[in-house]
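Sequence order for the protein chains is A and B.
In terms of numbering that gives the first Met the number 0, the first sequence opens at residue 0 and continues consecutively.
In terms of numbering that gives the first Met the number 0, the second sequence opens at residue 0 and continues consecutively.
Rather than coming from a laboratory, the hints here were simulated on the basis of the structure.
Values in this document were obtained by computation on a predicted structure and should not be read as measured data.
Take these hints with a grain of salt, some might be off.
Below, simulated DSSO-like cross-link-like pairs (lysine-lysine); rule was C-alpha separation at most 30 Å, straight line [said to hold, decoys possible]:
(1) 76(A) with 346(A)
(2) 79(A) with 506(B)
(3) 368(A) with 368(B)
(4) 506(A) with 79(B)
(5) 506(A) with 425(A)
(6) 79(A) with 368(B)
(7) 76(B) with 368(A)
(8) 506(A) with 506(B)
(9) 506(B) with 368(A)
(10) 368(A) with 79(B)
(11) 368(B) with 76(A)
Read off the chains here:
Number of protein chains: 2
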Amino acid sequence: MGTTAPSCEPLGRHNMLIIANGLLAGTAISSSGRLSIGGKSPLTGGIKESNAGGLTATRMARNGLRCIIIEGLSSEKSLKLLLVEPSTACLLPADDLAGLGVYETARILCGRFPQSAITCIGPSGELHLSAAGIATIDKDGTPSRFSGRGGLGAVMGAKNIKAIIIKGKGTITPADPQALAKTTRAINRSINDAPTTKSYKNFGTAAMVEVINELNGLPIRNFSRGKDERASYISGDNLRDSIIKRGGAGRTAHSCMPGCLISCSNIYADQNGSTLVSPLEYETIGLLGSNLDIWNLDDIARLNHLCNDVGVDTIETGAALGVMMEAGFIPFGDFNAAADAIEEISKNTLLGRLIGSGAQTAGKVLGVKNVPTVKGQAMPAYDPRAVKGMGVTYATSAMGADHTAGPSARAQVDHHNSAGQAALSKKMQKLVGIFDSTGLCLFTVGGVAAHKQLLLDAINALHGWNYDLDWLDKLCEQMLQDERDFNELAGITNSHHRLPEAFTERKLPGIDTTFDVSEAELRSVFE
Amino acid sequence: MGTTAPSCEPLGRHNMLIIANGLLAGTAISSSGRLSIGGKSPLTGGIKESNAGGLTATRMARNGLRCIIIEGLSSEKSLKLLLVEPSTACLLPADDLAGLGVYETARILCGRFPQSAITCIGPSGELHLSAAGIATIDKDGTPSRFSGRGGLGAVMGAKNIKAIIIKGKGTITPADPQALAKTTRAINRSINDAPTTKSYKNFGTAAMVEVINELNGLPIRNFSRGKDERASYISGDNLRDSIIKRGGAGRTAHSCMPGCLISCSNIYADQNGSTLVSPLEYETIGLLGSNLDIWNLDDIARLNHLCNDVGVDTIETGAALGVMMEAGFIPFGDFNAAADAIEEISKNTLLGRLIGSGAQTAGKVLGVKNVPTVKGQAMPAYDPRAVKGMGVTYATSAMGADHTAGPSARAQVDHHNSAGQAALSKKMQKLVGIFDSTGLCLFTVGGVAAHKQLLLDAINALHGWNYDLDWLDKLCEQMLQDERDFNELAGITNSHHRLPEAFTERKLPGIDTTFDVSEAELRSVFE
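Pulled out of the complex, with its shape left as it was, chain A reads as follows (with noise of 0.2 Å):
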C-alpha cells in the first residue's frame, strides 16, 4: 500500500480512492456509520474527504474492515464490480451496468447481491465529470446516500469500478463488550434526549430554510439575493405538512441507517402517495430550489431525483445550473429547462457535460462573473456573507466551499459580525475532525459534544484501547494539518483561503454586507 502523491492527476494512475469507516463503526451507537470515502478530488484538486450515511460502513466493521483502498488504473476499458466478502475480495464483470443510473444500478445489484451493502456510481462518474459523487443505500436499499462533494465518483469511475459490494453482514468483537454495551447507552440516550434530535426528527435539515432565510444567507437566483417570502413554500413546516398530508410512501422520521436514533432523512412522495426522492434535505432544497428560483418542493424533489440518478451532487450541481441562469443559457426558475438540462448529462452532450463538470468550470466557460465556488467547488446553501463563520469554513477549509467541514449556522452567535467567526470556524472544524472520526452523524453533535468523554471510553471499549482525551484532541488537529500539508504540496495554498470577488465585494441586498473577515482572521485558522 502506498500513499497518494499530491501531485498526482486525480484521474490518473497515481491517485487512490479510500473507503473507510469510523472508529465506532458497527457498534450499536446511534449514527455511527457514517462512511468515508476519499482521495485527491478532481474538482478541487487538493484532498477530499466526503461522507455519507446508509449500510456500507457498518457493513465494512462488521466484516472487520477499516478500509478499502483502490489504487492504481484498470489496463482494460470494462467496468467491473468490487465485491468484498469476509476474507476475499475479487473484481466481477459489470459491463451489463454501463451507463445505468444510480437507482436501476443499486436494484439489480440488491436482486443480485442479497443482504449486502452497495456502494455505486450513476453515469456522470463513468463519464469522469467532476461533479460525480458516490451513492450508497440506506436501509431500505434506496441509493441515496452520496458521497457527493468532491467528484470522487469520477476517480471512482476512472478507476473503472460501478460497484462497492459488501456481502455478508458480520459482527463485531469488542475488546469490552460490557464497557462498550454501558457507553452506547449512555451515548443513546444522550443523542435521544438532546433537542436538536427532535428538531432532525421532525423536520430534518430543511428546518433550516425559515432559519436561513431570516438570517438573510439563502441562495437566491445564484447567490444574487438571500431572502424571499417564497421560503415558507420549501420550507421544513410545509415539506412536512405535505408528508403527513399526502401519505401513501411519504415518511418523515426516515433513517438511513439501522439504530439510527436521530432520523432526520424522509420520503418525499408526490400528491398520489407515489415516492418523489428520498430524502428532500435542505442543502439540495436551497441550490435546486430558491438558487434557481424554483419555490416548489414537489420541482425540487424531482431534480433531486434526476441528479442522484446520473450521480451528481446536488450542491455542485444546483449551483452549476445557477451559473448557467445567470449566463442566461437557461431561464431562472426554468423547472422544465433545468430537468433537461440534468437530462443532458447522461446522454454525454458538451451541455451535460458541462453541468457535470461543476459550478466554476460551467462559469469560467460561459463567462459568469459571480461564481459561487471556493478552491473549485461549489458553496453549499449558505450564503458567506450572511453567515460569515461558514464563510470563514469555505475560504480555509482544505476541502473547498464545503458546510460539513465546519458548520457555524447553528451556533448562537451574529451571524452578520465578522468578530469571532475565524474562532468559531476552527472550533467547528476540530469538532467535525471527532466526528468524522468516530464515523459519528454530526447530527449527534448536539448530544454528544458535550460529552466527549463518553466518546473516548466507547473507543476504548471497542479496540482495548487506553487513550485520554488529549489523544482524540491530537488525533483530529494532525488530521486538519495533514490535510493542508498534502494541499500545500497539491499546489494549494493561502493564495487560495479566500472567497471570489463576487462575495468580498459585492454586498449582499438586504444586509448591505459582504464577506469581510480579514485575511489575518482567516489566517488564523491556521495557528
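Let chain A serve as the given structure and place chain B on it in line with the hints.
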C-alpha cells in the same frame, strides 16, 4: 497608479492591462518595435507577458509613450476606443464595432484614423474568452500581429476596450543621436549578416516544420506522435514554393514593422493569388495543422484566418481542437468540422465558448486524459518529450507553456537527452528577458546575442544613461524573479512547475521516451 494584486481575479476590477514597448523602441534598429502586453492571465491565473510585432510599440515610443495602463472596470456596458494622441488620451464610443471581427475592425479604424497604429480585440475578447488575444496592425494595416497567449484579449474585453489607437507618427529625440546612429548601424549590420536572418527571410518560421519533425517533436493528433512523412506538405520549403509559384498578393520576406531587416513574415495566397492569411507561421502550422491531422497549407491558412478574425490565439485554439478531436467530438483531419467549430466562437454557442476557453478547460469538460497544457496554457508546437529544453521552459516559466519564454529548439544539443536541458532553458529564459526588455524581436538573437554591449550602447545613447552589462543582466534576473514572486502570491507554486502525466508517463512513439527531466533539475532553473 497602483499595482496589480497577484490575488486579483483576472477579469475583475483589480487587474490591469499594461501595454508597453521596449527600451529601444522608436529607434531605427531593426526589429526593435515589439509590443509587450501584460496583466494577470485568465488562462493561467498567473502573470502574463505576451508580445507581438506591428506598429503600435514604435508609434508609442515616437509619441513619447513608454506604457499605457488600463485599470479598473467601466460602470457602463458600452464598448470604447482608447484614442491616444501625442499629449492627450480619451475614450470614444465604439458600440458600432461590437461583435466585429479583427479584420473588419482594423479596416474601419484605419479609415477613421489614418496613419495611426491600431491594437484591437475580436469577438472572443468581447466575450471574455480565455483564449482571446490582442491584435496589432502591421505596416500594411493588417491586424495579424497577435499578443496571443494567456487570454489578455479577455482582460481588454472585460475593460470594455475594443481598440487602442495611437495617433500621430512622432519622432524620438535620442540623448546622443550620433552615438545611437553609429550603434544602430553596427547592430543592423550584425542582424543583416546573421545566417539565421537569411533562413527567416526565405522560409519564415515554417523552416522549423522539417527540423522539428526530424526531431520527432511535431505535435500530431493531439501530441500523440511526433513525426510524419506528410510534414513535407506543410514545410517551409513548400510554403515558400507555393507563395512564389502562385504569385498575386503572396509574398515571402515580408516584414511586420518598418525597417525590419529579417522579414520573417509572409503573405500566403490561394491558387488565384488572393490572400488567405498573413503571416502563416510555424506554431500555427503545427497546432492547427499536424496536431489536427490536417496536412494542407491552404486549409491551415483558412483556419488561421478564422482564428485571427475572431481574435483567438492559434496555439491555444489548435490545442483545444486537438483535445476535442481526441474526445471524438470532432473527427481528426476534418478541416470543415474544425472551421465550423472556430466559427462557433463568435456565435457565442456552448461549443464556441468551450473552444475559446482553451485546451485545459476543453479537456476537463470533455474528460480527455492527454491534455497538452502547463499552468493552464497550451503547449506550442514542440513536443516536450522530443525537445526537452522546451519542456523545461514549459514547466518552469512563469508564463506556463510558452516557447517564447525560453526557446531551446535551435540550440545545437541532443534534444532527446535530458542532460543539460535545465541549464539550457535557464540560459534562454534570461536571454529572452534581455531581448524582451529592449523590445527587439527574438529573431535578432542570431545576430545580436554575441554583441550585448552594442545593445547596451544603444540604450545608453538613446536614454542618456551610463549603465553597464551587469545592470542589464540584473534587470533580467530581477524580472524573472518578480514574475515568480507574483505567481507565488497568485497561488502558482512549485507543484505547478511540472508537465502533465501525459508527457511524464506516456512515451512518445518513435523515440520511446517520456519527458524525464527530474524535479531537482527543474528546480535548478530557479537557483
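Violated hints, by number in ascending order, as checked against the structure: 8, 9
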